[in-house]
Each structure stands twice: as structure tokens, then as C-alpha cells.
Amino acid sequence: MWEQLIIQPMTNLLLFIYDLLGHGPHTFGLAIILFTIVVRLITWPLNASQVKGAQAMQELQNDKEWQEIQKKYAKDKEKIAQEQMRIYKERGINPFASCLPTLIQFPIIIGLYQSIIRALSVMPLDMLKLARTIYPFQNAEGIIPLNSKFLWMNLGSPESVQILGYAIPTLAVVVALTTYVQSKLTMPATSNPNDQGAQMSGMMSIYMPLMLGWFALNFASGIAIYFITSNLLGIIQYAATGRANWRNLLPGGDKKTTSVKKK
Amino acid sequence: MILISLLVLGAMFLSACSGGTVVNNWYGLAADAERAYVSAGSFIYAVDLQNGSEVWRYPEKADSKVLFFANPVLTTDGQLLIGSAGAKDHKFISLDPATGKEKWAKVFTGAKGAWVAAPLVMNDRIYVPNTDGFLYVLDLSGNQSADPIDIGGALWSAPVSDGTLIYLSSLDHFLHIIDPVKGVVVSEIDLGGAIPSSPAVNNVGAYVGSFASTIEFIQSNGDHSVLTQTENRVWGSPVLDGETLYYADLNGKVYSFDLASGTENWSVQPDGPVAAGLLIAGGQIYVASEADPTSELGTLVALDLDGKTVWSKEVGGKLYTTPVVSGDLILVAPHQAEVTLAAYDADGKQAWTFTPAK
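For the record, the sequence lines run as chains A and B.
Each residue of the first sequence is one higher than the one before, starting from 1 at the first, in the numbering used here.
Each residue of the second sequence is one higher than the one before, starting from 1 at the first, in the numbering used here.
Keep in mind that the hints were calculated from the coordinates and are not lab data.
Fair warning: this is a prediction, and the values are worked out from it, not measured in the lab.
The beta carbon of each residue, even a glycine, is placed where N, CA and C say it ideally should be.
Everything hinted at is true.
Under 10 angstroms between C-beta atoms, here's a sample of chain A residues computed to sit facing chain B:
| hint | residue |
| --- | --- |
| 1 | S121 |
| 2 | V122 |
| 3 | M123 |
| 4 | P124 |
| 5 | L125 |
| 6 | D126 |
| 7 | M127 |
| 8 | L128 |
| 9 | A131 |
| 10 | R132 |
| 11 | A140 |
| 12 | E141 |
| 13 | G142 |
| 14 | I144 |
| 15 | P145 |
| 16 | S157 |
This is chain A alone, in the form it adopts within the complex (with noise of 0.2 angstroms):
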């Protein structure tokens, strides 16, 4: 099931694309790229959805009615729920509406992850399962094998760059970085210093950029391409969208001294 709905179509794609960018040198990279750049055109209305409602998740943490709540029935669980449902649905919130796309990411990447190694196929049974995987309309004997050579990197294999005798994973700390922006710019400012809700994107903050840092540093870098162009993607959306927070990027810019009026 996985491999005839995720890996499959997915490593068609890329290689119609590879195909399309005529299977030379780097173009690998580049069909990676384009590739990420169909999917977050598709999940374009999603992303924008979750980026609506973490903001007004976020903005209601700032709220003055939310923050009664939390105080007035703080020993009682059942009734800050109850609360908390009558003021989603009294301002539409769907509080889960910026989990969705998130959810939908993983199978990309995995999949993703799985079709880069497929079609790089390092190893000969790697090779037998990509010639079984590719739709018979492609030009499976001209794209085969496929060139793994991007800029300086292997895409099947962790990246690194050799300065002064020592192996720099530069990737990673792209990665790394790009996540910690884009986190950082959606993080809308708090004026409550017990906003669970911006705790937890703090922490968010850091987590996401260690971890996928760590994913680049140890797996075949065209994920690391993927991620890299999807947090650039983000940036840009989120930036269009007129709200990007670019104090946050400066220490202590995530702080905000007047309350969010509610809306």
C-alpha cells in the first residue's frame, strides 16, 4: 500500500522531472527542488490554514476573556475545556487546523526520503527495485542511472565540506537555521510570561531546528535539499502574508510590552 500510493508516484515524479531537466549532471538537485516546490504549491492552501491558526491560537493566548478563564476556574479542568470550546466556536477557530498540514508533511518526507534512496540506488539491489518501480511511459533506459552529483554533494550520502582538515556538515546548519527562521518569524509576540502556548512554541523553536539538523547531518543530503527549500518556501509564504515577525530573529524581539487587542 505505501509503496503503491507514496513511493511509487513519488519516484516517478521526480524522475519525469529529472527527465524533463534533461538527466545531466546537478539535475538531480534541481528535480528536488522543483519537486518540493510542487508540493508546497499543493499544500499551499493547507500551510495557509496552519500559519491562520496558529496565529489565532497564538493571539488568543493574549486574549483578556481567555485569560479570565484560565484564572477564574484554574481548579477546574472540565470547565476551562468547556470555555475554551465555546470560544473556539464562538470566534471559528479550528484548534487543530495547524496540526493538519503538519501531519501530511511526514509522509512527504519519509516518502521523499525513501524515493531518493530508490532512485539514487547505491547498491545493486537498489537498482532492481527502481527498474520495477518506474511507470512504463518513462525513459527508464536513458535515466537510468540516475547522476547523484549536486553543486558538491553526493545526494545519496550525509554532506560535508572539508575546511581546515575538518568535515563541516554545512547542510545541516543550513537546515538548521532555515527551520530556527522560520519558526521564529511565525512566533507571534506574548505579552504573558506564562503563555503555555508560547512556551511551547519556544521550545518548538528549538527542537525542530536540532532535530531536523540532525536528520541532515545523518541521512542522503537531497532530504536536506527538500528541507532547505521547503523552510525557504515557508519563509516566503509567510512573509506574503504580511505577519512575519522579524523582531523575533533578534534576542529578546519575541517579548512585546502592549497586549494583542481582541479582535
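Once you have looked at the hints, place chain B on chain A.
Chain B only, in chain A's frame:
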């Protein structure tokens, strides 16, 4: 926290399921009169042909990042040569076939890629292709005796010689003809598809199959022609038996071709897909069928020289490794099976199986 948990789960999924940095492939196999040698991932095993017991294993302790999948090669001066794949330390080593101890003062680590192909030993030199696209030239002590020859494309198949020239297949769609004395490529022939296996060579030229679903004849001067078409891509090496060429395709069709008349003798489909090379021994053709279409288990089929099935045995797992003959035994090394090695006699009776002790 849900997202973090998902990321951790995702990381585990990538590590465990996708192959990730884990390299996997089918096993390599060779045999002399006393022992079979199987390169099966973390270890190379020497197995006693009398009873299927383990004689030695190399290395003593497994390192999950140093793996062996290439066919080992025995030399006339008593060496067992093999290179490693895996995530680190791609090394080319020489072992004592009797003890499994390393023979060279230091292992060769001069290549950038993994070792998937078996070497060719010719005129006291070892010619060993690497996935980095170079053909390395070593002396019998493991020292680099000439500059590596830049072939291009990942090299997965063993070089073959007609006694003068070396023929080397590459995934870059080219068959390369090399003059070993000058250390240069003298001809490169585009076959229109990746060539994953070695050619069969006789005194007039080479015969090789490719992903272009053809068998091509290549003369030593580089002239070439399509000998015949196949139903599907050709993965395994063709085999010569006098004036007859035998080969199989990924559909599982086995062909016999008469070189003298230039016509096909017969073609049969004994079982499932065939990725391994064929073995001709004792007047029979041994076909390692990857998986039987019904049972999905690897099957060893013996055909007579007219293409009729003599016997068929389910080995288990998947069969990708070319069978090897030693004395009266036909050896097969299945992939992802309960056994690592199985031995059959010419009548299809199983002599023994070998499963390494943990």
C-alpha cells in the same frame, strides 16, 4: 510535544525502514575444492563443502558500517580478495582462504566509493573496479602498481579479459575496452542502457546484455552489433558454452543462441524473474530464479541443454546471486532467507545448508 514525538517516530522510521545509511544487497559467492566463501553483509564466511559447517568468519566482530557483498575472488597464489561496501572504511583486503586471516601488511583504502564488483587477477596484477568510477590496479601485495583508470559511472561488475584486453561494463551505458599494458581505455561502446553485469568473452569478442533489452556483440576493435533482442532488461551475465550463448532477462525468460548461425535455438520461461547469471555445469543449465510467481520463493531450476526442465527446487528467500559449482555441488546463496548458503547435487538433492551461528 505531538510534533516532537512525530519527528522522533519519523526518525526511527527513516532509520529502520528506508535503508537510510544502511546498505543492503545480495550476497557474493565463490568456491574452491574445499570451501565455499560467502560475503554476507557484516561477515565473510568460509564453509566446509563436505558438511556445510563454518570454517572461519571475517572479521571476528561485526561492524554494521563495514559490509561485504562483492563476489570474493581466489588467486592462484593462495589469496581470497574482496572489497567492502557499507557506510565507512571502504577497504580492499586479502585473506588467507584457509584461515581467514588478513594477508597484506595493510589494506587498500585508496578508493572513494564502495566495492561492489569482484576483481580480475591477470599477469600478477589485480584490476578492481570501484563505485567511484575508477579501475584500480594493485600488485599481489596490495600496493597500487599503476594509476587508477578513469572509467566513469559506477562500476558494479567484474572486469573480464580475453588474455590481452580487459572488458569492463559500466552503469554509464558504456562497455569499456582497456589495454592493461598501456593502462588506457582503447574503446568505449554505448549500448543504450545501463550494463550491470560482466560480458562473456571468447577469442573473437564480448557478449553483453543491458537495460536496453539487447544482447550485443562487441569486437576487440570496438565494432559492435545487436546480436538479439530480449523481452525485458538483461541483468545477469551471459554464459558461453562453445558456440552457444545462454542468457536470461528480468521477465525470467532463458535463451539459447547459436553464434555460428546467428539464430536463436530456443527460449523458455522456467520460473520467475532472473537477475542472476546462469551457470553451465555437467551438461545442465542452472537458473537462479529470483522468486517463483506463486510461492514468491527463490527457486533453483536445472535445464538440459535443450531448455527442458530437469528439476526445480525452492531454496527460499530471493535468488539474485549467480550459482557456483564446486565438484559435484551446486551452491546458491539466497537473499533474506533462513539459510545463507545451500548445496545441491546434480540431481537436485539438497546436500546441506549453512546458517551462521549468532
